[in-house]
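Undergrad: Take the sequences, apply the hints, and build the full model.
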Amino acid sequence: MSTGWIENARLILPHEVVEAGAVRLEDGVISDLREGGAPVPALDARGMTLLPGLIDLHGDMIERELEPRPGTRFDHDLALIELDKRLAASGVTTAFASLSFADGLGLRSDTRAEGLIRDLVGYRPHLLVDHRVHARYEVSNTDALVPLLALLDEGLVDLVSLMDHTPGQGQFRDMETYVGYTARWLGRPAEEVRALAHARLDAGTGEVWTVARTLGQAAQARGVSLASHDDDTPQKVELLCSLGVSISEFPVTLEAAQAATGRGLSVFMGAPNALRGASHSGNLSALDALEAGTLHGLASDYSPMTMLQAVWRVAREGRVGWPEAVALVSDTPAGAAGLTDRGRLEVGGRADLVLVEDAPGARPRVRLTVSGGRPVYHDGALAPQRVLVGF
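Position 34, counted from 1, in the sequence shown is what UniProt numbering calls 34; the numbers after and before it change by one each time, with no gaps.
Accuracy of the hints is not assured; some may be wrong.
[What the hints assert, rightly or not] Cut-off 16 Å, straight-line C-alpha distance, at most; resulting in silico cross-link-like pairs (EDC-like, lysine to aspartate or glutamate): (1) K85 - E65; (2) K85 - D130; (3) K85 - D379.
Calculated directly from the structure, the hints in this document are not laboratory data.
TA: This is the structure in C-alpha cells:
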C-alpha cells in the first residue's frame, strides 16, 4: 500500500476541473484533495491529468487471451495474468470479465464459463486490478439457469446480462450476417452455426423469457445489477424492463436507446464505437447516441485501450465537458454496478487513479495507474521520484 501525495496534477473532479491540485493517498483511499501544492514532498505529476481509475462493465478480451486462434487454447491463469497487465496499462482498475453462457460452441459453453469464473475468483489475490464477473446469459440456453443460480448463491457473480442473439432481431437482423460473423469468430463451419441458429429459433419465446425472469429475480434478490443486451426496439426495451433490468448495453438503434433512457436505464455503448465513430457491425453510432443525450457510459467491449482514447476524443471535440467525459468510464459504470466506493476523485473514495500525459496534438498516454492505493503500472516517466512509500 502506498502513502503520500501527488501534486501539480490537473484534477478531473465530478463537477469541475482543477488545473493544479494535489491528492493524498492513505490506506487505500483518497484522504485529502486540494487546489495548489502538497504540504510535504510529493510525487510531481508535471501538469499531467489525474482522473479516477476506469471501470469497465463489459470486456470479453479474456476469450481472445484464452484462445487467440480457433482451437489454440492456453491455461486460465496465464490468460488472466496477461490480460491483467494490459488492463492496468490502459488505466482500467475495475474490470468485469464478460463470460457467456451461450451454447456448446467454443469458450461460451456453460461448463467452460463456470470453470473460468471459479478460476478468476480464486486467482484474484494475485492480480493487479479489481476483477469482477459479468455473467452473460443467452436466453435460449435455458440449461444455464441451474449453474448460474448456484454461482449467484455463492456470491461469485457481480453483474448479469440477458442476451438474445436469435437471428432476425437485435444485433443480427439478417440470418446470413449472423452465420458469417459467428463462423469467423468461432472458427466453425457455417453449416454448424446455421443449425445452431435454427435451433434457437425453434426454441420459441414463451419458456425462454419465463426462465430469464427467474434468473433476473435471483440476481436482484442478491443485489446484482441486471442488464439487457443489443436492444433493437422500444418493445424489446419494455420486455426487458419488465424483467428488472437497470442497464441497457449496446442498443443497436437510436429508438431503443431513447426508450431505455426514457425508462431510466443506464445506456452503455462500446468505447471502440465511440473512438472510431461507428459500430463495427453497422448499428447505432455511440457518438450519435451521445449527441442525442442517450449515452451514459462506455465499456471496452473487446478493446480496453479504447476507453481512455474515447474519453479524450469526446472531450477534445467539445461533445461534452471533461467531467462528463470522464464519468462515462468511471462514475456512471460505478453507479450502474452498485459500486459506491469508487468512480470519483473525492475524499473517502477508493484510491483508484490514472495519471495521463496529455500533450497537445498527441494521443493521451497512461503514465501511472494506482489500484486501491497500490501502484500497479508505471512506464518509467516518473521513475526518478520516490516520494510515495512503496512506489
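Undergrad: Determine for every hint whether it applies to the structure shown.
TA: So, going through the hints one by one against the coordinates:
The suggested pairing of K85 with E65 holds, with an alpha-carbon distance near 12 Å, which does not exceed 16 Å. At most 16 Å may separate the alpha-carbon atoms for a hinted pair to count; K85 and D130 meet this at roughly 12 Å. For the given pair, K85 sits about 12 Å from D379 by alpha-carbon distance, which is consistent with the 16 Å threshold.
Checked against the numbered hints given earlier, this structure breaks none of them.
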